[in-house]
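Student: So the protein lines, in turn, are chains G and B.
For the first sequence, the tail end lands on 785 under numbering that gives the first Met the number 0, and the numbers increase by one without skipping.
For the second sequence, the tail end lands on 180 under numbering that gives the first Met the number 0, and the numbers increase by one without skipping.
Careful: at least some of the hints might be erroneous.
Straight line, CA to CA, 25 Å or less: simulated BS3-like cross-link-like pairs of lysine-lysine [claimed, not checked]:
1. G:Lys652 to B:Lys101
2. G:Lys757 to G:Lys744
3. G:Lys430 to B:Lys101
Quick caveat, the hints were computed from the structure, so don't treat them as lab data.
One-letter residues, chain by chain:
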Amino acid sequence: MQLAKKGLVVKVKELKTDVAVVKDLEVSIGRISEETWAEPIGPTPFPSITDLREWDFKLLQRYKPFYLPFCDVCCLCTFGKCDLTGDKRGACGLNMAAQQSRIVLLACCIGAATHTGHARHLLEHLIEKFGRRYPIDVGGISVDVEAPVTRLVTGIRPKTLGDLEEVLDYCETEVTHLLAATHTGQEGSNIDFESKVLHAGMIDQVGMEVADMVQISAYGFPKADPEAPLTEIGFGVADVSKPVILVIGHNVPSSVGIIDYLTDKGIYNKVEVVGICCTAIDITRYSSSLAKIVGPISWQLRFIRSGIPDLVVVDEQCIRADALIEAQKIKAPVIASSPENCLGLENRTKSPAKEIISDLVEKKVPGVLILDPEKVGEVAVETVMAVAPKRKKFNVIPEVKEIIKAAQECTQCNECIRACPNNLPIPDAMKAAAKGDLNPFAEILENCVGCARCDSACPNDFPLHSFAIKAGEKNLIAEKFKIRVGRGAIQDVEIREVGGPIVLGEIPGVVALVGCANYPRGGKEVAEIAEEFAKRRFIVVTSGCAAMSIAMVKDEEGKTLYEKYPGGFEAGGILNVGSCVSNPHIAGAAIKIASIFAKRNLRANYEEIADYVLNRVGAVGVAWGAMSQKAASIASGFWRLGVPVIVGPHGSKYRRMLLGRKDKKEDWYVYDARTGDKVYGGPAPEHLFTAVETKEEAMVLIAKLCMRPNDTTKGRAIKLTHYVDLHKRLYSVMPDDVHLFVRNKADVPLTMKEEILKILEEKGWKERRIPDPTLLPRLIRKKKGD
Amino acid sequence: MGVKAEPWQTAEIAGPKKALLILKPEVVVAMVKRAKRPILIVGHLAAEDYSDDVKMIDYAIRMSRTATIPVVATAHMTTEFIKRGFQPAGWMPAMDIGNRLKDPEWKGLDGTGPYDLAMFMGLPYYMEFVILAGLKHFSKGLKTISLDRYYDPHASWSFPNLSVKDWNEGFKIILSKLGEK
Ligand code: SF4
Ligand code: SF4
Ligand code: SF4
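Kindly generate the complete structure, drawing on both the sequences and the hints.
Tutor: Here it is in C-alpha cells:
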C-alpha cells in the first residue's frame, strides 16, 4: 500500500473482505481535478516552510524589520524570565530581535490557526450537510479562476467541497511546523522567523479562502455580485417590539440555523435577528432581508448593556470573554456554539431541544453549549420568544441622576483615563457630569472602542462605559445606515477590464480597507479615507469591521457611501467583499490580474506572481483599527504577495514594522527583464508594513504606496498627481521625495510641471530608464551576450 | 513635581531598564547642552494637547529656536508648524524617523552625521512607548528623552506624570535656562 504525500493516492494490491476480493484498485482523492487542468504545474506546489525562503529574503533585504518591543524581557519558558535589553541574550541564547520576530510569528500562527480552524469547522459541517461532491461555485460563469490563492499556493484546482479537505490538511500541517519553530531552542535567526511569519500569512490566506468558498457555495451567498443587496446596519436597526436574538462572532452556521428555523416554521416576522462582527456580515450574505447588522466588534457592550437583545448566541473569534457575564446582567440567556469558545457552559448538544429551552427559560442555567447549528436555531428561537416578554428589555444603563451622583463622588484619581487605550478624558467628563452636563461623555463615546477598561480600573467601580452609553443614547438609537452585503469574489470580466489600467497605472490604485475596529478616533475616519480615494477614482475594496464603519456615516442627503458609489471592481467603486475570511478575494484580485490580464501561470507559481504584484499592481492594504492576531496574519499574507499594509497607530503594538529606506539607493534596484540589467526602480512601494498616526498621514501614504516600478509615464503622472496633491493639501508643503518617483520628464504631471521641474533641478535629478521590473533573475528574458 | 516612575498608561510597563526621572528641568538643559547633535521629534498631538493655552508645539518651536535644535514633524504636523510661521528641518512618519535614528550609519537630515540625543513629544503615548523601546534596544550611542507630561519608561530620561500646570512651569524653566530671550 502506498500513501503519496500531497494528495492521497491509495493503491491496494489485494483487498479481501468478507464479501469481496478486489485486486489492483487505485483510488485517488484530491487530485482528480488536476488531470483536467491544462496549466503546467509551477515550481512550488504545497510549499513547505522553507520553499519560498529565498523570495522572503529578497523582500526582507529591502524591507528590513524595525522592532518595537513592548517590554525588555522574555518569559516564554522556565529558563526565564530573561532580560534581553540591548545586546543581552536569554538563557537559551535568543536575542531581542529574534524574540520580537518570534512574537510576531506566534501572533500570525494564532491568526492562521484561527482561520484554518474556522474553515475546518465550516467544511466538516457543510460536507455533512451537502456531501463531498457538492460543487464549489463562487461566481457561476463570471468566475473561472474561482480559487486563485489555493491554486497559486497548492497547485490544485478544487472543484468540490471534498477537494478542499486536502487543502486544509496542508494548512494544518504548515501551522503546526510554524508553531514548532517558536519553541525554545528552535529557530534562532530573526530573519528566518520573519520568513516564517510570511509563510504563516500565506497559509492564512489559503485557510480563509477555503472558508469563504465553502460558505458562498453551500449557503448561496452573493456570488461575485457587484449589485449585492443593501441591508440595514446600526445600533438602532432592531425592531425592539419583537424578541431580539443577537449573534456575535465569525462562524456563521449557528446563525444560519436560526434563520432556517424561523423560515421553516414561517415565523420569520416574529423575531429579530441582529449581529455584531463578521457573523453579522455573513448572516446578511445568507439573508439580507431577515438579518440586520448592529455594528463592529466594539459595539458589543453598548448593545448588550442597553438591554435590547433577549438572547445572545456566540460562535467564535473576537467575542468578549465576559459576554456571558454581561448577558447575565441583562437577564439574557446565552448559547455558545463553537468548540473554540465554550464559556464554561454545560454541553447540551445531545439533550432534547425542549429540555434545553425549558432550562433556559426557567433560568436554571445562564447559558448552554450547543455544538449543532440546527439545534441552536430551534433552541434560540423558541427560547427568545418565551424569554422576551419576561425580560421586558431589562437593561443596565444608569439613569442620569445616578451618573450625576457618581460623578460627584469621583475622586479624580485618573485611573480610568490611564486605563483607556485612547486616553479619553473621562475624569473631565466626570467633572462636567457632576454639574449635570453629559455632553463630554457623549463625545467620549464617539471615540470609544468599547473595551470597558475604564470600568475595570475605577476604584469606585463606576460603570463608566455605561455612563458614556447613556450620554450618547440619542445618537445610538438614531444610528441606522445602509451597507452593501458582502459580494464575495471579483469577477474575471471585471479583472479583464481594469487589469490593464491598474498595471499601467491609469487607475491610480486599489485600496483595501480591512480589519478590526480598534480605531484611535472612531470609525468615521475609515469612511473618510474610503470616500477620499473613491472620489479620486481608485478602487476601494473593504471587508469585516472596516466595511461596517464605512457604512456608518451619512452625507447631507442622508446617503451612505454604499449608496453613493458603485459596488463593482472599477475606478471609483466601493466594494464590500464580505467578512474577515473574504479577504482572499482582495489578494485573489491581485493574483487574477497577473493570471487573467497578464497571462502568467498561477498554478503553484507563488514567487513569480508575488514578484509581479510587488512590481506592477498598485494595491495597498489599510487596517485602520487592526487589533487581532488574525489581522496580523492577514497583513502578512499580503506582504508575501507584495502588497504593502498600513495600520493605524494602535498597530504600532504589533512589535515590528517592515520599512524601506528611500535614502539608500542601493536597496531599490530591480532587474530589467528585457535585458538583465540592474536598474534603479525607485522606492516603490516604499514600505511593506508601517503604522501611522493620523488619517491625513494614512491618505498621503496610501497614494504614495500605490506607485510601482512598472507604471507607464501616463500612469506615474496620474499617481504623482494624487500623491503631490494630497501632500500639499494635508501637509501644506511639496513632498521632499518627488524626484525619486520621476523617471523621465513625461512622468511629471502637466499641472505641476513648473514646481516639480524646479525641484528636479535642485536635486540634480537625472533621467532614467523604466524597466520591465523583476526581482527574479530567472525571469530575465535575454541576458547580455545571449 | 511628582516623583513616581509609573507609566501613564497603567499596563505599559517596561522591564528592568527604565527611564531615569527628570525631577528638575535642569536635567534636560544639561542633556541638550552636552549633546553634539540633538534632534526634536514632534508628533501630531503636540498641536492638540494639552489645553487651550498650553500647546506642546509652541514649546517645541521655542526650544528649537533657542537651542538651534532641528525639528522633525511627523504625520501631518508640517501644516501646524507652517501655520505658526516655523519651518521644521524635516518631516517624515514617526516610524521612519525611529528607524533612521536606530541606524548608526544614518547621516541625519543634513547629511553630516548621526544624532546623539533624540527628544520626543506629541506622539500617541503607546506609539512613542514602542518607538522608544525600539531605540533603547537597537540604537547605538543615542540617548532619548520623552518630553511629554507622561512618564515613558522606554526613554533614557522622562518626566514623571505631571499636571499641565507643572509641565508648563517645568518647560518654561528649560527654555529660560537654555537662554531664551
Ligand atoms: S525562551 Fe529563551 S529568552 Fe525566553 S525565557 Fe526561555 S530561555 Fe529566556
Ligand atoms: S470603554 Fe471607551 S472610554 Fe472606556 S477605556 Fe475603553 S475606549 Fe476608553
Ligand atoms: S477612576 Fe473612577 S474615581 Fe477615578 S477619576 Fe475615573 S471615574 Fe473618577
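Student: The structure should be examined with respect to each hint, and the outcome stated for every one.
Tutor: So, going through the hints one by one against the coordinates:
1. G:Lys652 to B:Lys101: Holds, because 18 Å separates the two Cα atoms, which is no more than 25 Å.
2. G:Lys757 to G:Lys744: holds (12 Å)
3. G:Lys430 to B:Lys101: violated (43 Å)
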